[in-house]
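K.L.:
Use these hints to put chain B onto chain A, whose structure you have.
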Amino acid sequence: EAGVVQSPRYKIIEKKQPVAFWCNPISGHNTLYWYRQNLGQGPELLIRYENEEAVDDSQLPKDRFSAERLKGVDSTLKIQPAELGDSAVYLCASAGNTEAFFGQGTRLTVV
Amino acid sequence: ELKVEQNPLFLSMQEGKNYTIYCNYSTTSDRLYWYRQDPGKSLESLFVLLSNGAVKQEGRLMASLDTKARLSTLHITAAVHDLSATYFCAGVNRDDKIIFGKGTRLHILP
Chain A
1 EAGVVQSPRY
11 KIIEKKQPVA
21 FWCNPISGHN
31 TLYWYRQNLG
41 QGPELLIRYE
51 NEEAVDDSQL
61 PKDRFSAERL
71 KGVDSTLKIQ
81 PAELGDSAVY
91 LCASAGNTEA
101 FFGQGTRLTV
111 V
Chain B
1001 ELKVEQNPLF
1011 LSMQEGKNYT
1021 IYCNYSTTSD
1031 RLYWYRQDPG
1041 KSLESLFVLL
1051 SNGAVKQEGR
1061 LMASLDTKAR
1071 LSTLHITAAV
1081 HDLSATYFCA
1091 GVNRDDKIIF
1101 GKGTRLHILP
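Chains A and B, in that order, give the protein sequences. Take 1 as the starting number for the first sequence in the working numbering and just add one per residue. Take 1001 as the starting number for the second sequence in the working numbering and just add one per residue.
By construction, these hints were calculated from the structure, which means they are not laboratory data. Among the hints, erroneous ones may be present.
What the hints assert, rightly or not - Looking from chain B toward chain A, a few residues come up when the C-beta cut is under 10 Å (computed):
| # | residue |
| --- | --- |
| 1 | K1017 |
| 2 | Y1019 |
| 3 | T1020 |
| 4 | K1041 |
| 5 | R1060 |
| 6 | I1098 |
| 7 | I1099 |
| 8 | L1109 |
Unchecked claim - List time: in silico SDA-like cross-link candidates among lysine to any residue, alpha-carbon distance up to 20 Å:
| # | chain 1 | residue 1 | chain 2 | residue 2 |
| --- | --- | --- | --- | --- |
| 9 | B | K1041 | A | Q59 |
| 10 | B | K1017 | A | V89 |
| 11 | B | K1041 | A | R107 |
| 12 | B | K1102 | A | K11 |
| 13 | B | K1097 | A | E99 |
| 14 | B | K1102 | A | S66 |
| 15 | B | K1102 | A | G72 |
| 16 | B | K1056 | A | T98 |
| 17 | B | K1097 | A | K11 |
| 18 | A | K11 | B | K1056 |
| 19 | B | K1102 | A | E53 |
| 20 | B | K1097 | A | E68 |
| 21 | B | K1041 | A | E44 |
| 22 | B | K1097 | A | E53 |
| 23 | B | K1041 | A | V89 |
| 24 | B | K1097 | A | S66 |
| 25 | B | K1097 | A | G72 |
Even for Gly, the Cβ is constructed at its ideal location relative to N, Cα and C.
This is chain A alone, in the form it adopts within the complex:
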């Protein structure tokens, strides 16, 4: 069974440029999470979806971040414009009944 797939794996952009990350969750998982992990820290939740509905986006910086999960399957996370402080690993996770599985993440470097 395929796990959570994310792309790209790495992205380097200049500040003020836009960037987008894509996530394909495990088939049948209704819950999808986007996390941000800074170096040496634990992951911090940005947004959680139940099917296509964003049920918790309280931690998402809405002035520059946006996310969508059309049809309740794949999801994209966008940053526009990116700032230097956005450099981090962006992790997508999906969950079934009890267990949450993480993708490989996208390492974003803003220069």
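P.N.:
Below, chain B alone, put in the same frame as chain A:
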């Protein structure tokens, strides 16, 4: 709001020794996760603990949950170098938000 605290944050130990990582959480958590993360890699699910008194073991790792004390432990038996990694525990609040601790960076010396 659920808060998860791990200790120690850094641990350097000799091969063959036993040690325990502690995970305290502040409010009721429906379940407790343990993950392993190798440098530059994503999080690998180790254990999901669902109820008070739950104990799960995989190889040299054993996790337990005491919901009354709001404490989970990850015990390492006869450590080997391959277990060097960062270990995270995470709780789940009533809104199904998964909250992570800061992680325990484990370095096992040969």
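K.L.:
Each hint needs a verdict: does it hold in this structure or not?
P.N.:
Verification of the supplied hints:
1. K1017: violated, 25 Å
2. Y1019: violated, 20 Å
3. T1020: Constraint on B/T1020 not satisfied, violated at 19 Å.
4. K1041: Result: holds, 7 Å to nearest chain A Cβ.
5. R1060: For B/R1060, the interface hint is violated, since the closest Cβ of chain A sits about 21 Å away, which is over 10 Å.
6. I1098: This hint holds: B/I1098 lies near chain A, its Cβ roughly 6 Å from the closest one there, short of 10 Å.
7. I1099: holds, 7 Å
8. L1109: violated, 21 Å
9. B/K1041 - A/Q59: violated, 24 Å
10. B/K1017 - A/V89: With a Cα-Cα distance of about 33 Å, the restraint between B/K1017 and A/V89 is violated, given a limit of 20 Å.
11. B/K1041 - A/R107: holds, 10 Å
12. B/K1102 - A/K11: violated, 25 Å
13. B/K1097 - A/E99: holds, 13 Å
14. B/K1102 - A/S66: violated, 26 Å
15. B/K1102 - A/G72: It is violated: about 30 Å lies between the C-alpha atoms, which goes past 20 Å.
16. B/K1056 - A/T98: holds, 15 Å
17. B/K1097 - A/K11: The given pair, whose Cα atoms are some 27 Å apart, is violated under the 20 Å limit.
18. A/K11 - B/K1056: Violated. A/K11 to B/K1056 sits at ~38 Å, over the 20 Å cutoff.
19. B/K1102 - A/E53: Answer violated: B/K1102 to A/E53 is near 29 Å, above 20 Å.
20. B/K1097 - A/E68: Answer holds: B/K1097 to A/E68 is near 18 Å, not above 20 Å.
21. B/K1041 - A/E44: Distance of about 16 Å is within 20 Å: holds.
22. B/K1097 - A/E53: holds, 15 Å
23. B/K1041 - A/V89: It holds: about 10 Å lies between the C-alpha atoms, which stays within 20 Å.
24. B/K1097 - A/S66: Cα-Cα ~19 Å, so holds.
25. B/K1097 - A/G72: holds, 18 Å
The structure is inconsistent with the numbered hints 1, 2, 3, 5, 8, 9, 10, 12, 14, 15, 17, 18, 19, although it conforms to all the rest.
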